[in-house]
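Asks: Okay, here's what each chain looks like letter by letter:
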Amino acid sequence: MNNSIKEKDLINVIIHLISSSRLIIDEPKEYSTMRLFSAAKYLCRLLKDTDDQNINLIVKKIIELEPIITRDLFNKPKELKLCLDDLSIFITKHIRGFDE
Amino acid sequence: MNETIKHILSRQSCREYLKKRISNKTIETLFDCAKKAPRSQGNEFIEFYFIRNKEIVEQISWFCPGMDDIPELIVILGIKQNKIDVSESYYHYLELGASLQNILLSASSLGIGSVPVGSSNFVGIHSLLGLSKGISLKILISLGYPTNNRKIKVNLSQYNKTRSYNFL
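Those sequence lines, one after another, are chains A and B. Going by this note's numbering, the first sequence opens with residue 44, and the numbers climb by one from there. Going by this note's numbering, the second sequence opens with residue 84, and the numbers climb by one from there.
Please keep in mind that the hints were generated in silico from the structure rather than gathered at the bench. Beta carbons are placed, not taken as given, at the ideal position from N, Cα and C, and that holds for glycine. Be aware that one or more of the hints could be misleading.
[To be verified] Below, a sample of chain A positions facing chain B; criterion: calculated Cβ distance under 7 Å:
| id | residue |
| --- | --- |
| 1 | 58 |
| 2 | 59 |
| 3 | 62 |
| 4 | 78 |
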């Protein structure tokens, strides 16, 4: 794990998640995907200085996809599912390299 | 088309901002415009918060999942609960809406982008700012100079789709 990640940075992501949890009760369910993906993006930003090539690829991919997921595909569930499925496959391919 | 109509028809939500400070004079102008909303029953229902301190703005942004970029200025409008005599009254919401629109339009006319951030954790923000219990926060606006130089272009196509009204 990147030693430069500060507890304060993680607490901020936790605040984002807790605030999202509270707000989603009154918001359209489509917002849930958007909020969770944003949280993933914030965590990826904390990992962007990683030395691990595989983690770096995952981080870059998630940051690159964030505006597509949260804006372009926000109201397109079919495309959203495909995009997230593709991302899951992309991630699994790269986490396999962790143990090598 | 006069400038007022142009800004009403062309204003769009702006979610990405330049790192450019909004001056005290500009903030005073925004405040004057916000205050100039029609008042109900001569009461002062609305409490205004203008937040420019970078650390506080950044901390608040984590309580706003609907906020994409850290703005240069945050404006929060709240209601003074003790000013509302009748619980069923909705006048304060009318006043608040008019104030909100005055801020958005005056900002637009000054070249400042803005967006009302509905997804804001007001309980968390209220506690963070240490506000009194009598204040109920209702809407947060993020503001800043837009990253792209948006040219004012009036496009009514999306409004024309749902254009109907009762004319008696």
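Asks: Interface hint check: residue 78 of chain A, Cβ to nearest Cβ on chain B, cutoff 7 Å. Holds or violated?
Replies: Status holds, d = 5 Å.
Asks: Does the nearest C-beta of chain B fall within a distance shorter than 7 Å of the C-beta of residue 59 of chain A?
Replies: holds, 5 Å
Asks: Double-check residue 62 of chain A for me: the hint is only fine if its C-beta lies closer than 7 Å to a C-beta in chain B.
Replies: holds, 4 Å
Asks: Return the status of the interface hint for residue 58 of chain A: holds when the least beta-carbon distance to chain B is below 7 Å, violated otherwise.
Replies: At about 4 Å, which falls below the 7 Å cut-off, the nearest Cβ of chain B leaves the hint on residue 58 of chain A intact, so it holds.
Hint compliance for this structure: every hint is met.
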